[in-house]
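**Q** Got chain A sorted already, so can you dock chain B onto it with the hints?
As they're listed, the protein sequences go chains A and B.
Position 273 of the first sequence, counting from 1, maps to 273 under my numbering, and the rest follow consecutively.
Position 378 of the second sequence, counting from 1, maps to 378 under my numbering, and the rest follow consecutively.
Quick caveat, the hints were computed from the structure, so don't treat them as lab data.
Check each hint, because a few of them may be wrong.
[What the hints assert, rightly or not] Okay, derived cross-link-like pairs now, DSS-like style, lysine-lysine, Cα gap no bigger than 27 Å in a straight line:
#1 A:K326 with B:K176
#2 A:K168 with A:K327
#3 A:K326 with B:K375
#4 A:K327 with B:K358
#5 A:K326 with B:K358
#6 B:K362 with B:K375
#7 A:K168 with A:K326
#8 A:K215 with A:K240
#9 A:K215 with A:K168
#10 B:K249 with B:K375
#11 A:K215 with A:K228
#12 B:K375 with A:K327
[To be verified] Stretches of chain B that chain A covers, calculated by requiring three or more beta carbons in the stretch to come under 8 Å of a beta carbon on chain A:
#13 259-273
#14 292-302
#15 406-415
By construction, the Cβ of each residue, glycine as well, lies at the ideal position given by its N, Cα and C atoms.
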Amino acid sequence: MITEHYMDPGSFHVPLRAEAPYDLLEQVIEFGNLVVTPQHINPPDLIADDELLTAARYAGIVLETEWADGALAILGQGMGWYLGDSEDKGPVIEAEVSFSAATLETVLQTTTGVLPAAIIQGDINLTGLNTFSGLFQWELPIDAIRTVMTDLDAHYRINPNGSIDASKTTQDSVFQFTSPTVVVVRHGWGSDPTYNGVPSRRLVTRRDAYEFVTKLLVLDELEDGTFKLIDSDTVTHSYKDIHGNALLRTAVLSKPATEETPLTNYMANELALLSVNDEQEIETDQYEISGGNLNVGDMFWIYDPPSGFVDTDNEVWFRGQTIWPKKTRLLEASWPVADGMGVYYRPDTATTSADWIDLTRYIKWEATG
Amino acid sequence: MILRIGRWGDEVEIESPESWQDIASAGQNQMVRLSGSIAQTSLALGQVARTELLEQIGMMVAVTWSADTTRDGFYILRSVTMDLLHLTDSGYIGFQVELERIGGVGQTEHQSLLTGALIANAHGLAAGEVQFFHSPPVGALAYDGGKVGSPTAWTRATEDGSIPVILDLETSVDPKWAVDPSNYYDGGCYVSVDGNVRAGLDAPNTPGTWEIGNKLLKVTPGGGGASNGRIIVSHWDGTAYEDVIYNIKFATTTVIPEWHYVSVIRNTAEVVTIRLVRDAEEAPATTNRHVLDLTLRRGSLFVSAYYTWTGGTTTWSLDRDSTEASTAITPPGASSAMALRATANDGNGNRYVMGSSKTTTKDLTNGGLDFASTKTFDFFIGAEVGGSGAAANDQAADQCLQYLAPFTEVVRAVRR
Numbered sequence: 001m002i003t004e005h006y007m008d009p010g011s012f013h014v015p016l017r018a019e020a021p022y023d024l025l026e027q028v029i030e031f032g033n034l035v036v037t038p039q040h041i042n043p044p045d046l047i048a049d050d051e052l053l054t055a056a057r058y059a060g061i062v063l064e065t066e067w068a069d070g071a072l073a074i075l076g077q078g079m080g081w082y083l084g085d086s087e088d089k090g091p092v093i094e095a096e097v098s099f100s101a102a103t104l105e106t107v108l109q110t111t112t113g114v115l116p117a118a119i120i121q122g123d124i125n126l127t128g129l130n131t132f133s134g135l136f137q138w139e140l141p142i143d144a145i146r147t148v149m150t151d152l153d154a155h156y157r158i159n160p161n162g163s164i165d166a167s168k169t170t171q172d173s174v175f176q177f178t179s180p181t182v183v184v185v186r187h188g189w190g191s192d193p194t195y196n197g198v199p200s201r202r203l204v205t206r207r208d209a210y211e212f213v214t215k216l217l218v219l220d221e222l223e224d225g226t227f228k229l230i231d232s233d234t235v236t237h238s239y240k241d242i243h244g245n246a247l248l249r250t251a252v253l254s255k256p257a258t259e260e261t262p263l264t265n266y267m268a269n270e271l272a273l274l275s276v277n278d279e280q281e282i283e284t285d286q287y288e289i290s291g292g293n294l295n296v297g298d299m300f301w302i303y304d305p306p307s308g309f310v311d312t313d314n315e316v317w318f319r320g321q322t323i324w325p326k327k328t329r330l331l332e333a334s335w336p337v338a339d340g341m342g343v344y345y346r347p348d349t350a351t352t353s354a355d356w357i358d359l360t361r362y363i364k365w366e367a368t369g
Numbered sequence: 001m002i003l004r005i006g007r008w009g010d011e012v013e014i015e016s017p018e019s020w021q022d023i024a025s026a027g028q029n030q031m032v033r034l035s036g037s038i039a040q041t042s043l044a045l046g047q048v049a050r051t052e053l054l055e056q057i058g059m060m061v062a063v064t065w066s067a068d069t070t071r072d073g074f075y076i077l078r079s080v081t082m083d084l085l086h087l088t089d090s091g092y093i094g095f096q097v098e099l100e101r102i103g104g105v106g107q108t109e110h111q112s113l114l115t116g117a118l119i120a121n122a123h124g125l126a127a128g129e130v131q132f133f134h135s136p137p138v139g140a141l142a143y144d145g146g147k148v149g150s151p152t153a154w155t156r157a158t159e160d161g162s163i164p165v166i167l168d169l170e171t172s173v174d175p176k177w178a179v180d181p182s183n184y185y186d187g188g189c190y191v192s193v194d195g196n197v198r199a200g201l202d203a204p205n206t207p208g209t210w211e212i213g214n215k216l217l218k219v220t221p222g223g224g225g226a227s228n229g230r231i232i233v234s235h236w237d238g239t240a241y242e243d244v245i246y247n248i249k250f251a252t253t254t255v256i257p258e259w260h261y262v263s264v265i266r267n268t269a270e271v272v273t274i275r276l277v278r279d280a281e282e283a284p285a286t287t288n289r290h291v292l293d294l295t296l297r298r299g300s301l302f303v304s305a306y307y308t309w310t311g312g313t314t315t316w317s318l319d320r321d322s323t324e325a326s327t328a329i330t331p332p333g334a335s336s337a338m339a340l341r342a343t344a345n346d347g348n349g350n351r352y353v354m355g356s357s358k359t360t361t362k363d364l365t366n367g368g369l370d371f372a373s374t375k376t377f378d379f380f381i382g383a384e385v386g387g388s389g390a391a392a393n394d395q396a397a398d399q400c401l402q403y404l405a406p407f408t409e410v411v412r413a414v415r416r
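If we strip away everything but chain A, and leave its shape as in the complex, we get (with noise of 0.2 Å):
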């Protein structure tokens, strides 16, 4: 099974057969790469090295080998583990890296920007974009991304083949944006010459209170050792505790490494994730969908009014009917590696793709219902 994040390696748990060969099984070892390819191609050297990376589905980090009655099972994370993990463990930047006015093409270059070498540069659209200005030291890559990020509004995919694209969350060049493709419905589902119909097998949705807030504060330490504090504005809400006061819920950040002053940008966009969050978990039979017409980050449609799934300022004509949907974005998917797939492990000393070694025939396929 593997498991992609928005903006997150995510993870991966392939398990083999039995009957695959141990000298070939025993090749496979941590830090090489697993890679996923839609169909299989025998042998992989029949394309080029990184030709292949490119044409790949999924692209992950071995960090895990694990034997089980006789069978190996690889386990690791996805091409985002190059920027750091969730254990603070990584490439950190210990060279101060600072910015002035800088584009995000500027930010996101490796020796002068905040990339490690494993991760290139890909495609960064700066349509809409304002510039960054910051420094980081001590602080891995995912890190400074992030705060790159959120300062300004934008979002990033890594690829299989190890680069990363960028752009402003409101545009269409690394993720679907403007006009999504997939519509999600827990009744009357299929194809559309407009749209791709997901069936909901299993459709929860959670109205997520946890991380609301109606304000932040950041700290920032001065030279002399003073605080100073930061305050965002307090978000208009209308809930009320229990003697009828309005809700009172503050975050208190550190400092971000932005140099925007005075942080309205940066305090605006983590407000907005500090929020009242809809989440919807689904699941479906048709595992084609990721990755095919809709990719972890995409936003697509979604349509349950039971659930609350409904906003009359999107009309959408979908199978016969007008339906007033919600554009919400794919965070998270679980799809398993199924038969017709191909699955290689290249070793982290591979110069061409005749080093792959071709594990295809030797998965345990997973269902795709």
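**A** Structure of chain B alone, referenced to chain A:
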């Protein structure tokens, strides 16, 4: 003794089951297990009976049994077993059914989850100017629209009797209503393919023999059994259905001559949708397709349609197949004419109505709407039953305003 499980038993009498077990467990809904045999006059009808029972799995169904009306009520069909391979010597097919009882009419009512908004239109009509309407089944009572100050209510005459039509609903309201299980499907929408009413989405591909209806009107294909591309819209006038035939023209001049596929998209008592698909038959074939979705709501006097063409943009026409002069209709509040209505009553005393949310060029002489170059367009076809004497709220202008105010509806049973 007549048994009906949802739509099963609607057309063909199902004899009393040989076994009816009521099972009650603490903390759970009552379960009912039936087993029996059905007899059909042919294997084909037996196959239909099997399919239409299986298609209702998981659905809420109204169940009535003439031998014990205390068991009439609303159930969820949980499992079905039917074995066509083992016909008995007498031609009977055995079946087993398991139902979860929701309740009888005394403890159960229904709630329509309605979601609606104004269709974006080229006629300057705003949400406050259109007519959101909703109809429960014929015989429904205790309608609660949740609106302070009763919304406007009137009735329309269906083949099954008078159906309530509630106007001016709040788009955020989910009305509740009650109906006897024996009336649940009265005035409701249905899909028939190959002469048999279908309970679900599984139906043969016979583009010349489908029918959708709501007992106020029905829509059928032209061609007398083999699709000739035409659409026949027939309205109930109190004693019979009166046909009016329409065609659709590609590039404004070429009549769509045939539909190749028919699929059931949606099939509930409150709304049905079928999809017609045609291969463009260009050289080479199958490079493009025409798709026509026809939707009918319970209580509606018109059928809604949405046409999609996967090729390049072109012009289109929706025309009366036999020319009939028309008058342009501009509904109250509109800035432009939205529809056509026959100028004079036809031989059956009715006047056809056709319109669109889009800007169209009106052919008043022959009766047609021309659409500018596009790949998609929407339209509706209705009629003023009784022509110039059509009742208020049923007239052409009203149908325009009702067309622009659609609801999606999901019905669920709720405890009183």
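**Q** It remains to establish, for every hint, whether it holds in the given structure.
**A** Structure-based check of each hint:
1. A:K326 with B:K176: holds (26 Å)
2. A:K168 with A:K327: Judged against 27 Å, a Cα distance of about 17 Å means the pair holds.
3. A:K326 with B:K375: This hinted pair holds, its Cα atoms lying about 25 Å apart.
4. A:K327 with B:K358: holds (25 Å)
5. A:K326 with B:K358: Holds, at roughly 24 Å.
6. B:K362 with B:K375: Since the Cα atoms of K362 (chain B) and K375 (chain B) sit roughly 19 Å apart, the hinted pair holds (cutoff 27 Å).
7. A:K168 with A:K326: Since the Cα atoms of K168 (chain A) and K326 (chain A) sit roughly 21 Å apart, the hinted pair holds (cutoff 27 Å).
8. A:K215 with A:K240: holds (15 Å)
9. A:K215 with A:K168: holds (25 Å)
10. B:K249 with B:K375: holds (13 Å)
11. A:K215 with A:K228: holds (16 Å)
12. B:K375 with A:K327: holds (24 Å)
13. 259-273: holds (count 4)
14. 292-302: Our answer is that it holds, as 3 residues pass the Cβ test (under 8 Å) against chain A, meeting three.
15. 406-415: It holds, with 3 qualifying residues against the three required.
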